[in-house]
Amino acid sequence: MDDVKPDHRFRTLFISDVHLGASGSQADQLLDFLRYHDAATIYLVGDIVDGWALKSSWHWPQSHNDFVQKMLRKARKGATIIYVPGNHDEFLRSYYGTHFGGIEVVENAIHTGVDGRRYLVIHGDIFDLVVQNARWLALLGDKAYDFAIRVNRLVNAFRRSFGFPYWSLSKWAKFKVKNAVNYIGAFEQTLASEAGRHGADGVICGHIHHATIRNEHGIRYMNCGDWVESCTALAEHEDGRFEIITWADPLPRSSPVLPISARAA
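Those letters in the sequence shown? Residues 198 to 462, per our numbering, in order.
The hints are simulated quantities; they were obtained by calculation from the structure and are not laboratory data. Ideal Cβ positions, reconstructed from N, Cα and C, are used throughout, including at glycine.
Label pairs and their computed distance ranges (CB to CB): (1) 274 <-> 394: 35 to 45 Å; (2) 275 <-> 415: 33 to 43 Å; (3) 382 <-> 298: 36 to 46 Å; (4) 259 <-> 394: 39 to 49 Å; (5) 254 <-> 411: 32 to 42 Å; (6) 382 <-> 445: 22 to 32 Å; (7) 297 <-> 382: 27 to 37 Å; (8) 297 <-> 228: 15 to 25 Å.
Take the sequences, apply the hints, and build the full model.
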């Protein structure tokens, strides 16, 4: 069903890190999200398809195919769909400037907000020193992350049986391990600096599976999050407000963010 409720139509949606082809992808949750949320422009901010996972074992359930078909259908109906590849779907980086069924593939993009502010849209992996300089370590970390997701599902199945809410093992680890916290902070600062070098007022990215909206050294940093565990997307309202939307059972929860002018006060 593609009917969209009027109060859930946005100016722009930003979706990253779906990891189609990986067993941890929650494409079914994303499809459910898209039944109630739509936009004239949708940015796919990297790691939509997980080529790394598909190389090791083939995993492509119907929900993954349904998401691809849904994006193609939206493009045919006139929506602007812009795909910025990441490191897991780096095979698409050979196709910059081309279109697939109306979906444009670009290295990065500049998104202009309602108020005229310019945002650099980029996946962000090219500023990850581990990915760029120690690929074997990045691949090992990817396997460890997949294992953590499987453990997390078992833990949460046990928690649900006792009526406890969802709990994220990897998110807990990120904020308990000092080096992980420092890594996230350094990533945010680096991306903010890159936006400044492009003459942009902000940056919209993915990669580290940590959704947030914050100001970093005068630059607005926004991360879409992921659809592996947190199930988050970044939305731009028609009035220019940005919001992180979290889609989780039993009901969606959203985290509204004040407009830039209000936050600067």
